[in-house]
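Protein chains: 2
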Amino acid sequence: MQELTFKVNAQSETPARTNVKARNFEIIVDEPKQLGGSDQAPTPMEYLLAAHAGCLNATGHMVAQEMGIALKGLKIEIEGTINPAKTFGKSDEDRAGYKEIRVVFKPNTDADKATLEKWVQQVESRCPVSDNIFYETPHKAVIE
Amino acid sequence: MQELTFKVNAQSETPARTNVKARNFEIIVDEPKQLGGSDQAPTPMEYLLAAHAGCLNATGHMVAQEMGIALKGLKIEIEGTINPAKTFGKSDEDRAGYKEIRVVFKPNTDADKATLEKWVQQVESRCPVSDNIFYETPHKAVIE
Numbered sequence: 001m002q003e004l005t006f007k008v009n010a011q012s013e014t015p016a017r018t019n020v021k022a023r024n025f026e027i028i029v030d031e032p033k034q035l036g037g038s039d040q041a042p043t044p045m046e047y048l049l050a051a052h053a054g055c056l057n058a059t060g061h062m063v064a065q066e067m068g069i070a071l072k073g074l075k076i077e078i079e080g081t082i083n084p085a086k087t088f089g090k091s092d093e094d095r096a097g098y099k100e101i102r103v104v105f106k107p108n109t110d111a112d113k114a115t116l117e118k119w120v121q122q123v124e125s126r127c128p129v130s131d132n133i134f135y136e137t138p139h140k141a142v143i144e
Numbered sequence: 145m146q147e148l149t150f151k152v153n154a155q156s157e158t159p160a161r162t163n164v165k166a167r168n169f170e171i172i173v174d175e176p177k178q179l180g181g182s183d184q185a186p187t188p189m190e191y192l193l194a195a196h197a198g199c200l201n202a203t204g205h206m207v208a209q210e211m212g213i214a215l216k217g218l219k220i221e222i223e224g225t226i227n228p229a230k231t232f233g234k235s236d237e238d239r240a241g242y243k244e245i246r247v248v249f250k251p252n253t254d255a256d257k258a259t260l261e262k263w264v265q266q267v268e269s270r271c272p273v274s275d276n277i278f279y280e281t282p283h284k285a286v287i288e
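Chains as they are written, first to last, in the working numbering: chain A, 1 to 144; chain B, 145 to 288.
Misleading hints may appear alongside valid ones.
[As the list claims (entries may be wrong)] Computed list of lysine-lysine pairs in DSS-like fashion (alpha-carbon distance at most 27 Å, straight line): (1) B:284 with A:113; (2) B:257 with A:99; (3) A:72 with B:165; (4) B:262 with A:99; (5) B:234 with A:72; (6) B:177 with A:33; (7) B:177 with A:21; (8) B:151 with A:99; (9) B:165 with A:33; (10) A:90 with B:216; (11) B:243 with A:21; (12) B:219 with A:7; (13) B:257 with A:106; (14) B:216 with A:33; (15) A:118 with B:234; (16) B:177 with A:7; (17) B:151 with A:118; (18) A:140 with B:219; (19) A:33 with B:250; (20) A:140 with B:216; (21) A:90 with B:262; (22) A:75 with B:165; (23) A:7 with B:257.
Hints listed in this document are in silico derivations from the structure and should not be mistaken for laboratory results.
Just chain A, with the same shape it has in the complex (with noise of 0.2 Å):
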């Protein structure tokens, strides 16, 4: 298949605020008002949970149909804890990001556990976003 290449240009608004553009659309990423920000958009960590959730429903839908399992609806929760002593430069005790990933998937289906089971291996291993969050990827960084 064809590769894809997705690209975002940012721009900070203040110091905790960022304006992100990707194609036609603009997404404002803030910061609660006790870690510098204005409150006024979701955070970078949440974000990246719906990235998560985003990328399960598009995936879960699609492994659902070719497992002939009937999903007439799909509610998925995600929550993740982190320390923010790292990045605050307070403490390297424990890393920065979240400590671990749950997700709960609230399948709207009459399939039983054990389909199921299959479905949600399935599609955590072909989600591109758990599979950048699971597992490490390769980064380079430049300064211009």
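Position chain B relative to chain A; hints supplied.
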């Protein structure tokens, strides 16, 4: 420091469009038409990069202040390339997610190159989103 938990509640609007709630905010995630969506909002892979950009901006300003770097503005470009074959069940040759994340930092500052290289190293190491994308993250899934 006190741990922080972030959570999203997502609901499928269509098989490829997702309505995500994070506190009082609503985030719509969609897919382009060729991926089965209605192209009314950014894709999960764009939100992942937007989360990263917002996190690098906030962390970047905090670390600059600590290092005595006068940051008059910051632009960040992030891109990544995926092979959709694994997601679409066509081939397991490539991973599902971004093969590599490329970040371009464009700080508006008089700081010298060596100082900015130290700054980028600190920022990437302390930004929670970088941490979750660059390194492995444990995960749990439950079906309800």
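What hints, given by number in increasing order, does this structure fail?
2, 6 and 13
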